[in-house]
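*Asks:* Each chain, letter by letter, is given below.
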Amino acid sequence: MLLVDSVSKSFGGFLAVNQVSFEVKQGEILGLIGPNGSGKSTLFNLISGTYKPTGGTVRFEQRDITNLPPDRICHLGIARTFQIPRPFKKLSLLENVVLSAYFGDDALRSEAEARRRAEQALETVGLPTDAGVSVQSLGAAGLKKLELARALSTQPRLLLADESLGGLDHQEMEQAADMLHRIRSDLGITIVWVEHIMGVLMKVVDRVLVLDYGEKIAEGLPQAVATDPKVIEVYLGDQIALA
Amino acid sequence: MGIFDFYLLETIINGVLFGGVLALLALGLNLVFGVIDVIWIAYAEIVMVGMYIIYYLNVVLGWPLVFAALASILGVGVVGLLVHALIISPLLDTPPINQLLATGGLLFFLQSFATLIFGAEFRNLGLSMPILQFFELYISFSRLLAFGTALVGMIALYLFLTRTYIGTAIRAVAQDREIMSLMGVNTRKVYLITSAVGGGMAGLAAILLVLQQDVHPFIGYTFGPITFMICVMGGLGNLLGGFLAAFIMSQIISIGSFYVSTELAYVIAFILFIAVMFIRPEGLFQRRA
Chain A
0 MLLVDSVSKS FGGFLAVNQV SFEVKQGEIL GLIGPNGSGK STLFNLISGT YKPTGGTVRF
60 EQRDITNLPP DRICHLGIAR TFQIPRPFKK LSLLENVVLS AYFGDDALRS EAEARRRAEQ
120 ALETVGLPTD AGVSVQSLGA AGLKKLELAR ALSTQPRLLL ADESLGGLDH QEMEQAADML
180 HRIRSDLGIT IVWVEHIMGV LMKVVDRVLV LDYGEKIAEG LPQAVATDPK VIEVYLGDQI
240 ALA
Chain B
0 MGIFDFYLLE TIINGVLFGG VLALLALGLN LVFGVIDVIW IAYAEIVMVG MYIIYYLNVV
60 LGWPLVFAAL ASILGVGVVG LLVHALIISP LLDTPPINQL LATGGLLFFL QSFATLIFGA
120 EFRNLGLSMP ILQFFELYIS FSRLLAFGTA LVGMIALYLF LTRTYIGTAI RAVAQDREIM
180 SLMGVNTRKV YLITSAVGGG MAGLAAILLV LQQDVHPFIG YTFGPITFMI CVMGGLGNLL
240 GGFLAAFIMS QIISIGSFYV STELAYVIAF ILFIAVMFIR PEGLFQRRA
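Protein chains in written order, with numbering that gives the first Met the number 0: chain A, 0 to 242; chain B, 0 to 288.
Don't read these hints as lab results, they were simulated from the structure.
Be careful, since some hints might not be right.
What the hints assert, rightly or not - Calculated Cβ distances over 10 Å to all of chain A for the following chain B residues:
#1 Gln-110
#2 Leu-150
#3 Ala-168
#4 Met-182
#5 Gly-183
Said to hold, decoys possible - No farther apart than 27 Å at their CA atoms in a straight line, the calculated lysine-lysine pairs in the DSSO-like style are these:
#6 A:Lys-51 to A:Lys-202
#7 A:Lys-24 to A:Lys-202
#8 B:Lys-188 to A:Lys-88
#9 A:Lys-51 to B:Lys-188
#10 A:Lys-51 to A:Lys-24
#11 B:Lys-188 to A:Lys-89
#12 A:Lys-202 to A:Lys-229
Glycine included, C-beta positions come from ideal geometry on N, C-alpha and C.
Taking the hints into account, I'd like the entire structure generated from these sequences.
*Replies:* Here you go:
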């Protein structure tokens, strides 16, 4: 479904992503892990079109999307969420999601349909659909859900979820992991999930890809990756991440 | 005493009417800055283009004033679109100084171009607008018309920004352009629309100005600086702040002219501006898009 082929990105002299290749198969949840600064978010930015790679190609459903602008990539069916929620604070909760539903599908001309999709996305993540709810009333967990609802409202086939569990307590983490699982099984959306916390991620994902210093150091089934000496070395001493 | 109060009241009313035009002038500039983060240094000269459009169509070609006025809104809207497409867009990802220099270059280009076509003479529509009398108050009809039109223009812009999807997208892009483009919004298109609407506002302001004063290639210097001052004072990019600052400035100038002199009134206004910049460099009002 998504084919990333030896993609690189350098900022000046700093190589943030170095010749990374991987494939995302239709219907799977792929975990993307790695320490801070290992290039996970940069990789997401390269797939979603925010950054242009300095080398390599990205293909989505056989189509070369390497140099397409972000809005075109969104229309083709890739949505992403951000580690730190970035809602439009001056718009209401519903307006935030209606806006992404309306513009996220370039074939969509009906405002009523945009509203319906927005309400559906809010229901999926478990947020209220009333018009009056303000974004300011949401806590950390609510804002993360809003990120997800906005992404879902664009009707993606591939969801790039960026560290969706940061800042949540244990119970909220379990719920969020469960939600990603349901998004895949109920809506049939393929997911790439970036996460610091390996424990929760390992229970949900089908495969894992590990980045370190911008390079892919391991890829495979969760159990195999968790016992890979290279991965253990990267995470050595980082007991919280492994827990 | 009674007569004196009437004069003061007249001054205040004139200040309000003048403020409406200044507020409209500030609106286009503020909109473009708020959304695109670009300052059109040649903004006043873009307004001048509209004044010449009306003069040419109305006086030289004999079009009815209403059509000439509509042509100004459309024509300057297209100018705004071209300014973005030809000058700003190629420089959007470069340091801001480049955009300032490029639109600064446009300022001299437009001045010279106007001189080439129309000469340095002062041109006007040859209209004599009536002076209205309410009891003992004398109000200039052209100022009243200008104020009314400015108000209608501002309400229309407000409705466009709050009641339409593309308007909401414009406000959202002003808040976070990266997110909007990930949500499928074509930011390049949003910038073009914003520039065209900003130009349209300048074209509307041109109508109001050409009713009240002569147009010449350097007319921009008479209202350009005060427009920039108002925008900065209200918080650059803050539409409501610019609106309020326009009325503060127009009252200072109007009342100052009444008690001392017009020249000194502008000096007072500029001193106040400098004081505001020292006390609240971000502008009087919190930035809002």
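*Asks:* Could you grab the alpha-carbon distance between A:Lys-24 and A:Lys-202 and see if it respects the 27 Å cut-off?
*Replies:* holds, 18 Å
*Asks:* Straight-line Cα separation of A:Lys-202 and A:Lys-229 no greater than 27 Å?
*Replies:* With Cα atoms ~21 Å apart, A:Lys-202 and A:Lys-229 stay inside 27 Å; holds.
*Asks:* Taking the shortest Cβ-to-Cβ distance between B:Gln-110 and chain A, state whether it exceeds 10 Å.
*Replies:* At roughly 36 Å from the nearest Cβ of chain A, B:Gln-110 sits farther out than 10 Å, so the non-interface label holds.
*Asks:* For the pair we were handed, A:Lys-51 and A:Lys-202, check the Cα-Cα distance against 27 Å.
*Replies:* Measuring from Cα to Cα gives roughly 33 Å; hence the hint is violated.
*Asks:* Confirm or reject: B:Ala-168 is not an interface residue toward chain A, with every Cβ-Cβ distance exceeding 10 Å.
*Replies:* violated, 6 Å
*Asks:* Would you check whether the claim that B:Leu-150 is not at the interface survives, using Cβ distances to chain A and the 10 Å cut-off?
*Replies:* Check passes; 24 Å lies beyond 10 Å.
*Asks:* Between B:Lys-188 and A:Lys-89, is the straight-line Cα distance small enough, at 27 Å or below?
*Replies:* Holds: B:Lys-188 and A:Lys-89 sit about 22 Å apart, inside 27 Å.
*Asks:* Taking the minimum C-beta separation from B:Met-182 to chain A, is that value above 10 Å?
*Replies:* violated, 4 Å
*Asks:* Just to be careful, I want the Cα atoms of B:Lys-188 and A:Lys-88 compared with a cutoff of 27 Å; is the pair within it?
*Replies:* holds, 23 Å
*Asks:* Given the hinted pair A:Lys-51 and B:Lys-188, is their alpha-carbon gap at most 27 Å?
*Replies:* holds, 20 Å
*Asks:* Does B:Gly-183 clear chain A by more than 10 Å, comparing its Cβ with all Cβ atoms of that chain?
*Replies:* violated, 4 Å
*Asks:* Has the given pair, A:Lys-51 with A:Lys-24, been kept, meaning a C-alpha gap of at most 27 Å?
*Replies:* holds, 23 Å
Hint compliance for this structure: hints 3, 4, 5, 6 are broken, all remaining hints hold.
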